[in-house]
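**Student:** Single-letter residue listing:
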Amino acid sequence: MALHHVESVVHPATLEEAWAEKERRGKTARLVGGGIDVVLYSPSTVSTLIDLKALGLSRIRETATGIAIGATATMTEAIESPALKAYAGGFLVRVLREVASPLQRNLATIGGTIGSAHPWSDVIPALLVLDAKLAVYDGEERTIPLQAYLEGRRGEASPIICTIDLPSDSASSRGTLASFTRTGFDVALLNVACCGRVAGGTWEDVRIAIGGTPGLAARQGAAEDALIGNPATSGTIAAAANAAAGAIDARDDLRASAEYRRTLARVLVERCLTEIVSGTEGGAG
Amino acid sequence: MTITLTINGKARGVDAAAGETLLEVLRREGFVGVKSGCESGDCGACAVLMNGRAVNSCLVLAATADGAEIVTVEGLADGDRLHPLQEAFLDEGAVQCGYCTPGMLISAADLLSRNPNPTDEEVREAISGNLCRCTGYTKQVSAIQQAAKRMRGGDDD
Amino acid sequence: MTERVDRRFEVVGRNERKVDGVGLVTGRPKFVEDVRSPDTLVVKILGSPHAHARIVSIDVSEAESLPGVHFVLTHENTPPTRHTTAGQGYPEPSPYDARAFDTKVRFVGDRVAAVAAETDAIADEALKRIRVTYEELPAILSIDAARADGASVVHDEPDATGIYDAARNIVADVDIDVGDVERGFQESDVVVETVCETQYAQHTPIEPHVVLAWLDSDDRIVLRTSTQVPFHVRRIVAYTLGIPMHRIRVIKPRIGGGFGTKQEVLLEDVAALVALRTGRPALVRLSRAEEFIAGRTRHPMRVRVKLGAKQDGRLHAIEMEAVSNTGAYGAHGLTVLANTGSKTLPLYNKAENAHFFGQAVYTNLPVPGAYRGYGATQGYFPLETAMDELAERLSIDPIELRRINHIRAGETSPIFEKLGEGREGVSQTVKSCELARCIDVGADRIGWAQKRGTRRTDGPRVHGVGMSIMMQGSGIPEIDMAAATIKMNEDGSFNLLIGATDLGTGSDTILGQMAAEVLGVPLAKMIVTSSDTDVTPFDVGAYASSTTYVSGTAVVRAAEKVRDQILDVAAPLLESSPEALSLADEGVVAPDGRRVGLDRVCQRAMYESDQFQIAATASFVPTESPPPFLANFAEVAVDTETGRVEVLHYVAAADCGVAIHPKLAEGQLEGSIINGIGYAMTEEMILSSRGRVRNPSLFDYKIPGALDLPKLEIVLVDSYEPTGPMGAKSIGEIGINGPIPTIANAIYDAVGIRLRETPFTPERVLAAIEAR
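Protein chains in written order, with the numbering used here: chain G, 1 to 285; chain E, 1 to 157; chain A, 1 to 772.
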C-alpha cells in the first residue's frame, strides 16, 4: 500500500549530501536501499525517503583485504558475483540463495538487510561468523565491526553503510547456515550460522552465531572459546551445542516456544559443526 | 511527481505520489494484469520485470523506479503471438483461476531468460515467491518445462 | 483441437484450452477490480477491537466532516433486517443472526461502521476518526466456554431466528442413529476410540473478497462481485436491504479463487448501499489482513470416533460425535456439522450400527463458513486414524481393513437417508465405485508392501507410509437446481447461458465441452456466458461439488432439446425423418450419408421458413449425489531430533466418473491436496487470549509454496457413473480430505506416535516423540 505519510523522495549524488539530508531530517527521514522494509515497516512519522541507489555503492569486488560488497548491491547481484563464488567455499552465496524469494532477492540490498536488522535475518548471522566489518559514513568514513553497528542501531545516529567488508582470513574457512523455517518461503524460527577451520582434527578457528531466538543474531563466544584449540569430535561438538543452546535468550513468540528454540539451537549447532568437520556443508535444517 | 517508465517497450511520463508503489502506479496506468494479492511481498501476484529482473511491484517505491524498464504480463506476447510460456500454461492446464498467473509467468520468464535448461528444482525455486491456492503448482512446473523445451528448439529429450 | 484422451467422445475427454484462458494469460481486464470508472468511491470497514461488546454510542461527525468523505454507515442509518450471509438455497439452513451493522459486536473485526470516501487515504483517515464507545462483555473463546453453565450469550437479540438454542450458544444440534451402537460396541471384539481436533484455517484465495457496485442507466443496482453464488447474493441483498430483487443484477466475472469463502454474501450489502445513496460506483475490498480477520474460515472441530469391529475385521458399530466452533455467526454451522457425518459414515456401510451426533456452537471468534470438504475434512481425521488403530489391534493390514468395510457399487447406506445437508438426506444406491482399483493403484505406486512397517532410517530421519480412503458427494440431492439455456446462431455456433459459477475450476470450459459434444461441434463454436442474473438461468452456484454433475446434466438436457429442434428443421432438407438423423462435424447427417451444415439449418430457421429461434432451456434437480471416491497414500520422513515431517511422496487415486477434461480434473486434485497438506502441516490461525488473530498475513500464516511439494502422483481411474452427464460425477472437494489422516497414519508408521491435533508442526511432533 502507498505510504501516505511520505511527502518526498530525495536522490543524493554523494555521501556528504546523503548524510546531510539524514542529519537534517532526523527521525522523519529513512534510508532506502531496495525499499522492501521501507514499504513494509515505515512508521507514519517518516515523511522523507533518501534513495541511496545513486551513490554508486553497488559493486562487489575483491580488495587487498578481502571482499567489499557495496551496500546497495542486491542479494541477486551478490549471488551472481564471481568474487563471492569461492569465498568461504561459497558460504554467503548459499545463504543468500535461500533468503525470501527470488522476487525479493532481486530487490533487497545487503546494506538494507543489515540496516533493518530483522531478528530472523539469515544474512546477519552469516556475516557475523565471517567477521564482517562495515565501512560506514557519518560525516567521516570509518570501519566498524558489524556487531558494533547492530548494537549502535538503537541510538539515533546510525551511520550510512557504504560497504560490507569480508576479511581475507575467512576466505579459506568453511561456513554453513541452518535456517529452520515452516515452509520453503519463510523466515527462520531459529537460525544457526557456523564458520570455521579444522586442521589435524583440531578446531583451528570456529565461530557460531544464533539468531531468531527471537532476538537478533549474536555470536556465541563461550561455546566458540570452548572449541578452539580442541579436538573436533562428536563429543566436543555436542558440548558446544549444549553450551550455545543454554546461553541464548530464547523466548516464546507466535512462531515457536522458547523451549523448542533451545532444542533447535542445540540440534542445529551440532549439525552445522558436524558438516564443517566432515566437509559436507550446505543445508543442515 | 512525474517519473519516466518504459512499460512493455513504450516510454511514458507517469504521475506518482511520493509514497506510491509501482503496483498502484501500473494498475492506474491501465496494466491491470498486474495483480494485488497481499500488498506485502508475500504472494508474488504483483510480479513484473524491472530492468530485466522479476520483482514484487508492491514492494517497489515508484519514486525509486524512475527510468526503469518494466515488463508486465501484458508485454509478454508479441502482438497476436503468445509467448511460449503463455502457450504452455494453456496447454498444460496450469491456469485455473488465473489470478496468480501473471506473476508466475513473469517469474518464469525471468528464469528462462537466464537459464534455458532448468531442472525441476530450479523451476520450483524460480516460482517459490508466487503463491497459488488453486493448482498445487504441479502443472505450472510442467508448463514452464514445456515452454523451456520449445524455446530451446524442442528436440532435446 | 487437442488430442482425444477419451475415445468415447469427440470433445469431452479432451484437454481443451480453457475458453477464458487466453485472456487470463495475457492479463486482460477480467477480474472485478480491473474495470472501474474514475469516479468510483472507496469503501472501508471499521472492525471491532473487542471480541464481544455492545456499541453504546458511535459518533461519526468528525469522520464525516473530512473533505472527501461522503458518509459513514452504522447501525443507526442502515436496515436492521436479520439475515444469514451464507450463500445457500432458500430457505437457507443457517440462522438469520446477522445485521448489516449491529448494535453489538461479536468478534474482533466484526463490522462497526463503513466509510465511503473519494480515496483510500481519506477513507483510512476517516476510520480513525470514528468515535465508538463500547461496553465490553465476557467473551466466549472456546467450544467448552460456549457450552459452560452461565456462559455469556453471543446471540441474545430477540429477532434472530433459526438458532437451535441461543441461550446456550448452540446454533445446531444433530443426532441420528442406525441400529443400536451401545449394543453394537458390546458385541464387538475390539473397540477403539479417538478424539481429534482441527484448527482455525483459512482459504487464502489469492484474490480477496471484492465487489464493485453501481447504478446502471436505468437506476438498477449492478453488483460485479467475486462470488461463488450470484443468485443467492441477489436474493439475500434484496432481502437485507429491502430492495425489490428485480432492481438488482449480480454479475460474477473471473474471480481469483473461492474454495468456499466466497459462498457468502460478505460485502455486497455495503457496496449496494453506498452506490444507492451516492449514485456513484462503490468498491469494497478486503485487505489481506481483513481477509484473515473478517473473511471466512474452516470450522475448527473436536470430533470423537469410536469403532467396534469383529475379529475378522468387519465393522459392527461406528459412533461419531462432532462439536463444531461456528464462530460469531452461524452461517453454514448446521450444514457443515451434518456433512461431517453424512460424507464419512456411509463409506463404511458394513457397520449395522451407527450413531452420529453433535453440536455447532457460537464463540466470539472469527467466523467459519464453507470450506472445501465442508466438514468431511474434519471427520475423516479421526475416522481414518481410528481405522488404522483398529487395524493394528486386529493385526490386519490397514488396506485390508478398508477393503473389508468400504461401500461398493450396488450398495447403499442408511446414513444417506438419515443425514443430509442439515436435514434428512436422500436414500441412494451407489452406482459407480472404483475404490478397490484406486486402492490397488495407490498402494502399488507408493510401494506399500515394500515400505510399510520397515521404519527405514536416513540419519536422524525415519520413513513411514500411511493411507486413507474417502468419499464425498456430487451436489445436494433434491435441493440443488441448475439450469442452462442454449440458443443457436446462424453460423452454426451456439450461445450457452449458464448460471453455474466458474471459480477458476474451468466449469465454463467443461460445460461448454458437454454441450459441444451433444451438438457435434468443436468447443470454439460454443460461446459460454455464465453467472449473470439478468441473462443466465438459475444455478445454486459453485459448492457441494455440484457443477459437473448437476449443472452438467442441465446443460446436456438443454443441448438435447436444441438437437431435437435442429433435427426437426433439417429433416425436410434431407428428406428424412428427424429420428433417423444425427449430429456430427458441425452438420446434420442422414443415414444415406447426405449432410447439411448447421449454419444452413439455422439460416433456414432464422430467415426462410417457419422462422423461430432454435433455443431451449433445461433444468435439473438431482435425485441422488453419487460419491466420488479417493484412495490416498503418502510416504513421510520424520526428523526425530527436530520433529520436522517432510511429505516425500503422495499418491491420490480417484474415481470421479468420467473426467470431462482430464487435466482440469487432475488440477482439482493437485490443488486440493496441496491445500490439504498445508492444513495438515503448517496452516494455523493463531488467536490471542482476547480473541484477536495474531497472524493475519501470509508472512505468518504459511500456505504451501512451490518449494513444499512432495512428489505428487494423481491417477484418475476409469469409471462411469450411469446417472451422470457423460458418466461424470465430481472431483472439486474430495482431495482436501486426504492429507491429514494419510500423513497422520504415515507418521505413526514411522515413529509410532498418534497425532490428534492439527497442524502437525515440528514442535508438536517433537513433543509427541519425546513423550513416547
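Warning: the hint list may mix true and false statements.
[As the list claims (entries may be wrong)] Below, simulated DMTMM-like cross-link-like pairs (lysine to aspartate or glutamate); rule was C-alpha separation at most 20 Å, straight line:
1) G:Lys53 - E:Glu122
2) A:Lys30 - E:Asp66
3) A:Lys350 - A:Glu193
4) G:Lys53 - E:Asp66
5) A:Lys711 - E:Glu87
6) A:Lys30 - E:Glu121
7) A:Lys711 - E:Glu125
8) A:Lys30 - E:Glu29
9) A:Lys711 - A:Asp532
10) A:Lys30 - E:Glu125
11) A:Lys711 - E:Glu122
Since the hints were derived computationally from the structure, they do not count as laboratory data.
Quantities reported herein were computed from a predicted structural model and do not represent experimental measurements.
**Student:** Please go over all the hints and tell whether each is borne out by the structure.
**Tutor:** Okay, the hints, checked on the actual structure:
1. Among the hinted pairs, G:Lys53 with E:Glu122 is inconsistent with the structure: their alpha-carbon atoms are about 30 Å apart, more than 20 Å.
2. About 29 Å separates the Cα atoms of A:Lys30 and E:Asp66, which puts this hinted pair outside 20 Å; it is violated.
3. With a CA separation close to 18 Å, the supplied pair A:Lys350 and A:Glu193 stays within the 20 Å bound.
4. Restraint check for G:Lys53 and E:Asp66: satisfied, since their Cα atoms lie roughly 11 Å apart, inside the 20 Å limit.
5. A distance of roughly 25 Å separates the Cα atoms of A:Lys711 and E:Glu87; the hinted pair therefore is violated under the 20 Å criterion.
6. With a C-alpha separation of about 32 Å, the suggested pair A:Lys30 and E:Glu121 falls outside the 20 Å cut-off, and the hint is violated.
7. This hinted pair checks out: A:Lys711 and E:Glu125 have alpha carbons roughly 15 Å apart, not beyond 20 Å.
8. As the CA atoms of A:Lys30 and E:Glu29 are separated by approximately 16 Å, the hinted pair is consistent with the 20 Å bound.
9. In summary, the hint linking A:Lys711 to A:Asp532 is not supported, as the alpha carbons are separated by about 40 Å, beyond the 20 Å threshold.
10. Of the supplied pair hints, the one linking A:Lys30 and E:Glu125 is violated, its CA atoms being roughly 29 Å apart against a limit of 20 Å.
11. For the hint pairing A:Lys711 with E:Glu122, the CA-to-CA distance comes to about 15 Å; that is within 20 Å, so the pair holds.
Taken one by one, the earlier hints fail for this structure at numbers 1, 2, 5, 6, 9, 10, listed in ascending order.
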